[in-house]
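Enquirer: Residue numbers (this note's numbering): 1 to 220.
Treat the hints with care, as some may be off.
What the hints assert, rightly or not - Here are the simulated distance ranges between beta carbons:
id, residue 1, residue 2, range
1, 180, 20, 45 to 55 Å
2, 152, 35, 29 to 39 Å
3, 183, 207, 12 to 22 Å
4, 49, 125, 47 to 57 Å
5, 114, 201, 37 to 47 Å
6, 50, 133, 31 to 41 Å
7, 135, 208, 16 to 26 Å
To be verified - Derived DSS-like pairs: lysine-lysine, alpha-carbon spacing no greater than 25 Å straight-line:
id, residue 1, residue 2
8, 87, 61
9, 87, 54
10, 124, 85
11, 143, 124
12, 54, 85
13, 87, 177
Hint data in this document are derived by calculation from the structure and do not stem from the laboratory.
Yeah, the Cβ is synthetic: ideal placement off N, Cα and C, and Gly gets one too.
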Amino acid sequence: MRVSEADALREMLLSHGDISPLLNLGSSTRHFREVSQPHIQNNLFAPLEEAGVKIFHADLKEGEGIDLTGNILDAGVVEQLAAMKFKTVLLSNLLEHVTDPQAVADACERIVGAGGHILVTVPKSYPYHPDPIDTLYRPSPQKLASLFGNSELTNSTIVEDATYAEDLRRQGIRPGKELASLALRWLTFFRRTRGLLSRTHRWLWYSRRYQTSVALLTVR
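All chains, please: the whole structure from these sequences, using the hints.
Expert: Here you go:
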(Lines of atoms letter the chains of each structure in order from A and count residues from 1; the text may use other names and numbers.)
(Lines give C-alpha, C1' and ligand atoms only; values in the text may rest on other atoms or scores of the structure.)
Protein backbone atom coordinates (compact mmCIF):
# COMPACT_ATOMS: atom_id res chain seq x y z
CA MET A 1 0.00 0.00 0.00
CA ARG A 2 1.33 3.41 -0.98
CA VAL A 3 1.08 6.44 1.33
CA SER A 4 -1.44 8.28 -0.83
CA GLU A 5 -3.60 5.16 -0.96
CA ALA A 6 -3.64 4.89 2.84
CA ASP A 7 -4.72 8.54 3.05
CA ALA A 8 -7.46 8.08 0.45
CA LEU A 9 -8.85 4.96 2.12
CA ARG A 10 -8.94 6.68 5.51
CA GLU A 11 -10.92 9.63 4.18
CA MET A 12 -13.29 7.43 2.18
CA LEU A 13 -14.04 5.20 5.16
CA LEU A 14 -14.39 7.95 7.75
CA SER A 15 -16.84 9.84 5.55
CA HIS A 16 -18.98 6.77 4.87
CA GLY A 17 -20.68 6.40 8.24
CA ASP A 18 -21.27 3.06 9.96
CA ILE A 19 -18.33 0.85 8.94
CA SER A 20 -17.54 -1.05 12.17
CA PRO A 21 -16.56 -3.82 12.63
CA LEU A 22 -14.13 -3.90 9.70
CA LEU A 23 -12.36 -6.98 8.31
CA ASN A 24 -8.96 -6.30 6.74
CA LEU A 25 -8.38 -9.21 4.36
CA GLY A 26 -4.80 -10.03 3.35
CA SER A 27 -3.52 -7.97 6.26
CA SER A 28 -0.05 -9.50 6.65
CA THR A 29 1.64 -9.13 10.04
CA ARG A 30 1.82 -6.30 12.56
CA HIS A 31 5.51 -5.87 11.62
CA PHE A 32 4.54 -5.29 7.99
CA ARG A 33 1.81 -2.77 8.88
CA GLU A 34 3.77 -0.89 11.55
CA VAL A 35 7.46 -1.25 10.59
CA SER A 36 7.88 -2.20 6.93
CA GLN A 37 5.07 0.12 5.82
CA PRO A 38 4.27 2.22 8.93
CA HIS A 39 1.92 4.53 7.01
CA ILE A 40 -0.58 1.65 6.92
CA GLN A 41 -1.00 1.88 10.67
CA ASN A 42 -0.26 5.58 11.14
CA ASN A 43 -2.30 6.97 8.23
CA LEU A 44 -5.11 4.42 8.00
CA PHE A 45 -5.77 2.08 10.90
CA ALA A 46 -4.80 4.30 13.84
CA PRO A 47 -7.22 7.10 12.79
CA LEU A 48 -9.97 4.52 12.22
CA GLU A 49 -9.40 3.03 15.67
CA GLU A 50 -9.44 6.50 17.21
CA ALA A 51 -12.82 7.02 15.55
CA GLY A 52 -14.12 3.88 17.25
CA VAL A 53 -13.81 1.42 14.38
CA LYS A 54 -13.14 -2.15 15.51
CA ILE A 55 -10.65 -3.75 13.12
CA PHE A 56 -9.92 -7.45 12.63
CA HIS A 57 -6.85 -8.41 10.58
CA ALA A 58 -7.09 -11.63 8.56
CA ASP A 59 -4.57 -13.44 6.43
CA LEU A 60 -3.88 -16.81 4.83
CA LYS A 61 -0.95 -17.37 7.18
CA GLU A 62 -0.58 -17.06 10.93
CA GLY A 63 1.58 -14.34 12.44
CA GLU A 64 1.82 -11.62 15.06
CA GLY A 65 -0.97 -9.10 14.68
CA ILE A 66 -3.14 -11.44 12.60
CA ASP A 67 -6.47 -12.02 14.34
CA LEU A 68 -8.05 -14.51 11.93
CA THR A 69 -6.41 -17.08 9.69
CA GLY A 70 -7.94 -18.96 6.78
CA ASN A 71 -8.59 -19.15 3.05
CA ILE A 72 -11.67 -17.17 2.08
CA LEU A 73 -12.18 -19.50 -0.87
CA ASP A 74 -13.03 -22.15 1.72
CA ALA A 75 -16.80 -22.20 2.27
CA GLY A 76 -16.35 -22.97 5.96
CA VAL A 77 -14.13 -19.94 6.46
CA VAL A 78 -16.62 -17.70 4.64
CA GLU A 79 -19.41 -19.02 6.86
CA GLN A 80 -17.34 -18.35 9.98
CA LEU A 81 -16.53 -14.79 8.89
CA ALA A 82 -20.13 -14.08 7.86
CA ALA A 83 -21.26 -15.09 11.35
CA MET A 84 -19.08 -12.31 12.80
CA LYS A 85 -21.37 -9.69 11.19
CA PHE A 86 -18.73 -7.41 9.69
CA LYS A 87 -20.05 -4.13 8.32
CA THR A 88 -17.05 -3.60 6.04
CA VAL A 89 -14.44 -5.66 4.22
CA LEU A 90 -11.19 -3.97 3.18
CA LEU A 91 -9.49 -5.75 0.29
CA SER A 92 -6.33 -3.82 -0.49
CA ASN A 93 -3.92 -4.85 -3.25
CA LEU A 94 -4.81 -8.52 -3.09
CA LEU A 95 -6.70 -9.35 -6.28
CA GLU A 96 -3.62 -9.03 -8.50
CA HIS A 97 -2.03 -11.81 -6.44
CA VAL A 98 -4.76 -14.45 -6.90
CA THR A 99 -5.69 -16.60 -9.87
CA ASP A 100 -9.46 -16.22 -9.42
CA PRO A 101 -10.39 -12.65 -8.41
CA GLN A 102 -14.05 -13.34 -9.17
CA ALA A 103 -14.19 -16.04 -6.50
CA VAL A 104 -12.62 -13.68 -3.95
CA ALA A 105 -15.14 -10.96 -4.83
CA ASP A 106 -18.04 -13.39 -4.42
CA ALA A 107 -16.71 -14.47 -1.01
CA CYS A 108 -16.45 -10.85 0.16
CA GLU A 109 -20.09 -10.21 -0.74
CA ARG A 110 -21.16 -13.27 1.23
CA ILE A 111 -19.08 -12.23 4.24
CA VAL A 112 -20.67 -8.78 4.70
CA GLY A 113 -24.11 -9.59 3.30
CA ALA A 114 -26.81 -7.16 2.19
CA GLY A 115 -26.13 -3.61 3.33
CA GLY A 116 -22.48 -4.31 4.03
CA HIS A 117 -19.60 -2.42 2.44
CA ILE A 118 -16.57 -3.55 0.46
CA LEU A 119 -13.62 -1.22 -0.10
CA VAL A 120 -11.31 -2.74 -2.70
CA THR A 121 -8.09 -1.52 -4.29
CA VAL A 122 -5.75 -2.84 -6.97
CA PRO A 123 -2.90 -1.26 -8.90
CA LYS A 124 -4.01 0.64 -11.99
CA SER A 125 -0.52 1.50 -13.22
CA TYR A 126 2.21 -0.27 -11.28
CA PRO A 127 5.22 -2.54 -11.87
CA TYR A 128 5.23 -6.31 -11.68
CA HIS A 129 5.51 -7.33 -8.00
CA PRO A 130 5.06 -11.06 -7.28
CA ASP A 131 3.70 -11.98 -3.82
CA PRO A 132 4.05 -14.85 -4.57
CA ILE A 133 2.50 -14.17 -8.00
CA ASP A 134 1.38 -11.08 -9.88
CA THR A 135 -1.17 -11.68 -12.63
CA LEU A 136 -0.81 -8.07 -13.84
CA TYR A 137 -4.50 -7.49 -13.14
CA ARG A 138 -4.71 -3.70 -13.54
CA PRO A 139 -8.39 -2.67 -13.95
CA SER A 140 -10.06 0.72 -13.83
CA PRO A 141 -12.27 1.36 -10.78
CA GLN A 142 -15.37 0.64 -12.87
CA LYS A 143 -13.97 -2.62 -14.23
CA LEU A 144 -12.92 -3.57 -10.70
CA ALA A 145 -16.43 -2.86 -9.39
CA SER A 146 -17.94 -5.11 -12.07
CA LEU A 147 -16.49 -8.14 -10.26
CA PHE A 148 -18.96 -7.51 -7.44
CA GLY A 149 -22.18 -8.35 -9.25
CA ASN A 150 -24.41 -8.14 -6.18
CA SER A 151 -23.11 -4.73 -5.12
CA GLU A 152 -23.63 -1.10 -6.06
CA LEU A 153 -20.66 1.19 -6.65
CA THR A 154 -21.00 4.13 -4.25
CA ASN A 155 -17.60 5.81 -4.63
CA SER A 156 -14.50 5.37 -6.74
CA THR A 157 -11.26 7.10 -7.58
CA ILE A 158 -7.80 6.64 -9.05
CA VAL A 159 -5.10 7.54 -6.54
CA GLU A 160 -1.73 8.75 -7.79
CA ASP A 161 1.51 8.39 -5.86
CA ALA A 162 5.23 8.81 -6.47
CA THR A 163 7.39 7.88 -9.45
CA TYR A 164 10.22 5.37 -9.32
CA ALA A 165 12.67 8.27 -9.57
CA GLU A 166 11.16 9.74 -6.40
CA ASP A 167 11.37 6.35 -4.69
CA LEU A 168 15.07 6.10 -5.50
CA ARG A 169 15.75 9.61 -4.18
CA ARG A 170 13.83 8.86 -0.97
CA GLN A 171 15.95 5.75 -0.43
CA GLY A 172 19.18 7.58 -1.20
CA ILE A 173 19.94 5.38 -4.22
CA ARG A 174 21.66 6.89 -7.26
CA PRO A 175 19.95 5.85 -10.52
CA GLY A 176 23.26 5.06 -12.21
CA LYS A 177 24.30 2.75 -9.40
CA GLU A 178 20.96 0.93 -9.51
CA LEU A 179 21.24 0.47 -13.29
CA ALA A 180 24.76 -0.90 -12.95
CA SER A 181 23.59 -3.35 -10.29
CA LEU A 182 20.72 -4.52 -12.50
CA ALA A 183 23.01 -4.98 -15.50
CA LEU A 184 25.39 -7.12 -13.44
CA ARG A 185 22.53 -9.29 -12.18
CA TRP A 186 21.17 -9.82 -15.69
CA LEU A 187 24.62 -10.85 -16.92
CA THR A 188 24.76 -13.47 -14.17
CA PHE A 189 22.12 -15.85 -15.50
CA PHE A 190 21.79 -18.13 -12.47
CA ARG A 191 20.95 -15.18 -10.20
CA ARG A 192 17.90 -14.06 -12.16
CA THR A 193 14.77 -14.06 -10.00
CA ARG A 194 11.25 -12.69 -10.00
CA GLY A 195 12.58 -9.98 -7.71
CA LEU A 196 15.02 -8.98 -10.42
CA LEU A 197 12.19 -8.81 -12.95
CA SER A 198 10.29 -6.56 -10.55
CA ARG A 199 13.28 -4.25 -10.05
CA THR A 200 13.77 -4.00 -13.80
CA HIS A 201 10.10 -3.39 -14.57
CA ARG A 202 10.04 -0.43 -12.17
CA TRP A 203 12.14 1.60 -14.62
CA LEU A 204 9.05 1.97 -16.82
CA TRP A 205 7.72 4.18 -14.01
CA TYR A 206 10.87 6.26 -13.66
CA SER A 207 9.03 9.43 -14.67
CA ARG A 208 5.38 8.38 -14.49
CA ARG A 209 3.34 8.05 -11.34
CA TYR A 210 2.05 4.88 -9.79
CA GLN A 211 -1.75 4.67 -9.80
CA THR A 212 -4.21 2.68 -7.72
CA SER A 213 -7.85 1.93 -8.54
CA VAL A 214 -10.18 2.31 -5.56
CA ALA A 215 -13.84 1.22 -5.42
CA LEU A 216 -16.26 1.42 -2.50
CA LEU A 217 -19.34 -0.77 -2.88
CA THR A 218 -22.49 -1.57 -0.93
CA VAL A 219 -23.90 -5.09 -1.19
CA ARG A 220 -27.54 -5.23 -2.30
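Enquirer: State for each hint whether it applies.
Expert: Here's how the hints hold up against the structure:
1. 180 with 20: 45 to 55 Å: 50 Å, holds
2. 152 with 35: 29 to 39 Å: 37 Å, holds
3. 183 with 207: 12 to 22 Å: Since residue 183 and residue 207 have Cβ atoms about 20 Å apart, the given range 12 to 22 Å holds.
4. 49 with 125: 47 to 57 Å: 31 Å, violated
5. 114 with 201: 37 to 47 Å: At 41 Å between Cβs, range holds.
6. 50 with 133: 31 to 41 Å: 36 Å, holds
7. 135 with 208: 16 to 26 Å: 21 Å, holds
8. 87 with 61: 23 Å, holds
9. 87 with 54: Roughly 10 Å between the alpha carbons, so the hint for residue 87 and residue 54 holds.
10. 124 with 85: 31 Å, violated
11. 143 with 124: OK: residue 143 and residue 124 at ~11 Å, within 25 Å.
12. 54 with 85: Holds: residue 54 and residue 85 sit about 12 Å apart, inside 25 Å.
13. 87 with 177: Roughly 48 Å separates the two Cα atoms, so the pair is violated.
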